[in-house]
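Novice: Take a look at the letters that make up each chain.
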Amino acid sequence: MTQDDPITFEIIRHRLFRTIEEAVITLKQVSGSATTNEGHDLMVSLYTRDGDLLMGGVGFLHHLTSAAEACKAIIRRFAGEVAPGDIYLLNDPYTAALHTSDVYLVSPIHDRGELVAWSACFVHVNDIGAINPGGFSPQARDIFSEGFSSPGIRIVSRGRVCRDVIDTLLNMVRSPEMVALDIRSMIACNNVARERLLVLIDRYGRDAFETVSTVLIRKSQQLLEERLNALPDGCWQARQYMDVEGEPLIIMLTLRKIDTRLVFDFEGSSPQSKYGVNCTRWAAWGGLMAPVFPLLCHDITWNEGLLRPIEMKADPGLVVNCLRPAPVSIATTAAVQAVNNASLLCLSKMLAASDRFRPESTAVWHGSHLCLYQFGKNQHGHDIIGSTTETFGGAGGGRYLRDGIDIGGEIPNPISRMANVETNEAVMPIRYLFRRRLRDSGGAGRFRGGTGGEYAWVLHDAPEGRFGFVVSGKGIDFPMAHGLSGGYPGAPGRYVVIRDMDSGGNNASKDLHDMNGRHEPVSWGVYEVGPRDAFYVRWNGGGGYGDPLEREPEAVARDVREGTVSRDVARNLYGVMMSGDVVDLPGTTASRAAMQRARAGRGEAA
Amino acid sequence: MTQLSTSLSYAPGKDGGRIGCRRCGHELCAVTERWKDHARILERPLRELAAVYTTGPDALLREFACPACGLVLDSEVARRDDPPLVEYFQMSR
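Protein sequence lines correspond, in order, to chains C and B.
Here the first sequence is numbered in this note's numbering, starting from 1 and rising by one per residue.
Here the second sequence is numbered in this note's numbering, starting from 1001 and rising by one per residue.
Careful, some of the hints might be misleading.
As the list claims (entries may be wrong) - Label pairs and their in silico Cβ distance ranges:
no.: 1; chain 1: C; residue 1: HIS513; chain 2: B; residue 2: PRO1057; range: 18 to 24 Å
no.: 2; chain 1: C; residue 1: VAL522; chain 2: B; residue 2: PRO1057; range: 15 to 21 Å
no.: 3; chain 1: B; residue 1: ARG1034; chain 2: C; residue 2: ARG356; range: 22 to 28 Å
Stated by the list, open to error - Straight-line C-alpha distance at most 30 Å; calculated DSSO-like pairs for lysine-lysine:
no.: 4; chain 1: C; residue 1: LYS257; chain 2: C; residue 2: LYS219
no.: 5; chain 1: C; residue 1: LYS313; chain 2: C; residue 2: LYS257
no.: 6; chain 1: C; residue 1: LYS219; chain 2: C; residue 2: LYS72
no.: 7; chain 1: C; residue 1: LYS313; chain 2: B; residue 2: LYS1014
no.: 8; chain 1: B; residue 1: LYS1036; chain 2: C; residue 2: LYS257
no.: 9; chain 1: C; residue 1: LYS313; chain 2: C; residue 2: LYS72
no.: 10; chain 1: C; residue 1: LYS72; chain 2: C; residue 2: LYS28
no.: 11; chain 1: C; residue 1: LYS313; chain 2: C; residue 2: LYS274
no.: 12; chain 1: C; residue 1: LYS313; chain 2: B; residue 2: LYS1036
Hint data in this document are derived by calculation from the structure and do not stem from the laboratory.
Just so it is clear, CB atoms sit at the ideal spot from N, CA and C, and this is done for glycine as well.
Please build the complete structure, drawing on both the sequences and the hints.
Specialist: Shown next as structure tokens:
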């Protein structure tokens, strides 16, 4: 089989992707975790025999490149010992992983005894034995407090599960039955990936598989270089502030595009932090590449070829390239996400400079994850740890010709979603008071950002009369979903514990302002919610695109009618005056003209 | 006339060409210069945008507006002393 047989080539390419999709289905069906099933906090991909990315799958795209490094680390560590049917676990961030909770399972795939490929997957396991439940550890000050961490260990040997190894791991975590299920789901996932790939090889031959693999990588590189060559050269910057305990850390990113090369440089970023918001070099590379796949390469196969034209510069000791033993447990929702946002902004500015590619540009989607884990005894008497998964609901960024999607997900995980409230109430001792879109949270713009959301819950049938949570918020003091081309950032997140409410657990408030207890804003640490308390959470909206005064007045009026924009914001940010539920066109024209004159320095706004 | 972004235009000419406002055509500067130096810079606390912008006191919205028509050409989240983000276009290709 050669390139001269394009039909077989396309069939094999498609079956490689279907292999991943089937493995993802297996992962979800075996897993019992809401984070995996509802949030889709997962990834499955295929790698070449050398560990290069062969076929990137769906899920969190930050992991496509880090899992490649995990494969290579296993190849180095177990040189000469890798056998058919083996499966290896790796979760050390200083080797390849993003943080200890995102556990990689890496499997060699042998055809008639010869290594031909690797499959790799990850899920965020329910617990990893870190100082705080759930793995995000605001109290950790080094990697040693962030739980079990392995640079590579065999957990399945020639098809036989190494019980002693897995039992040792489960002995170090808080929720062993759930973590056991997490691991079982990943083993099943890798087994399916291996079986399906071997069926493909059996059907079309190993030569055909290897030819297609080689050509796919070469072709992806060629297509990306052609795309880059069609874009203008230039230099674009983006800056993200990560507020942690009142101290903003800066992620500064400069993109230089020259011919068919992209060079990303983190010069000007903050030194590594004492808090676990740092990320390692591999994690920064993953965050940098995640927006490249969907923005620049949505129609190109995601593999090693896309990495070759791209270079990253990050000095050791920066918050985006921290040195061991700096803590990194919050990396995925902190530095990695900030890098992702900055990369997206730089890429979008570059795309916006091209008439042909401008429609691909977008403001930031879902700038900051909530990073919230609940824990305690549930109504069934079980000790549980888990996320209610609203953080995966996200918020779409405004685009060149369209609004961002309300609670519309995020760029680095195209399949993310959140659980129904009933799903959460079934396993946690909580009752939701409300959950909905958050008015005015979408960044203003010619095309506005999608709204984020807000929710609140109280205890319900909590056997211990309390339920804990771990929070490591960012995007509180500084919004992280920035706008593009004059669009405004989406509103920031917020967490409030309302203490000692008059109505206690019978509370039926429908709004934060209705809650008559003592309002205690929180953003970092470990807290408990008691029987007379409520917990309120707000997550950030997407960034806006373009000048808000260029938004169609009728679109603003529609937002007001639907409750996603208030009349105050319609007037103050969009310059839209309304008479009842309809636009006052003369008033709007006059209002906008006055605002534009004021901006130009030729008078005061009306 | 081509666009350099949704809000900026480019016209070939002296010094490698000129950057202008996409809406009104006002010429800002040569493409080799920092165009933001030629825009009106407006700063305000982000918490003034709306009640849900419960941001810290140092978080500002910085806008770069056309000095002729008032179109917002670009915006960024910034602290007061942080320099504007660099944007540079190489139009030789």
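Novice: State for each hint whether it applies.
Specialist: Against the structure, the hints come out as follows:
Between HIS513 of chain C and PRO1057 of chain B the beta carbon distance is about 22 Å. The supplied range of 18 to 24 Å therefore holds. Between VAL522 of chain C and PRO1057 of chain B the beta carbon distance is about 19 Å. The supplied range of 15 to 21 Å therefore holds. Range check, ARG1034 of chain B to ARG356 of chain C: Cβ separation about 26 Å, and the 22 to 28 Å hint holds. Distance check on the hinted pair: LYS257 of chain C and LYS219 of chain C sit about 21 Å apart at the alpha-carbon level, within 30 Å; holds.
Proposed proximity of LYS313 of chain C and LYS257 of chain C is supported: the alpha carbons are some 14 Å apart, at most 30 Å. A hinted pair counts as satisfied when its Cα atoms are at most 30 Å apart, and LYS219 of chain C with LYS72 of chain C qualifies at roughly 23 Å. The hinted pair formed by LYS313 of chain C and LYS1014 of chain B fails the criterion: a straight-line CA distance of about 35 Å is larger than 30 Å. Annotation: proposed proximity of LYS1036 of chain B to LYS257 of chain C holds, straight-line Cα distance about 20 Å (limit 30 Å).
This hinted pair checks out: LYS313 of chain C and LYS72 of chain C have alpha carbons roughly 21 Å apart, not beyond 30 Å. This hinted pair checks out: LYS72 of chain C and LYS28 of chain C have alpha carbons roughly 26 Å apart, not beyond 30 Å. For the hint linking LYS313 of chain C to LYS274 of chain C, the alpha-carbon distance of about 22 Å falls within 30 Å, and the restraint holds. Pair hint LYS313 of chain C plus LYS1036 of chain B holds up; C-alpha atoms about 26 Å apart against a cutoff of 30 Å.
Going through the hint list in order, the structure does not satisfy hint 7, though it satisfies all others.
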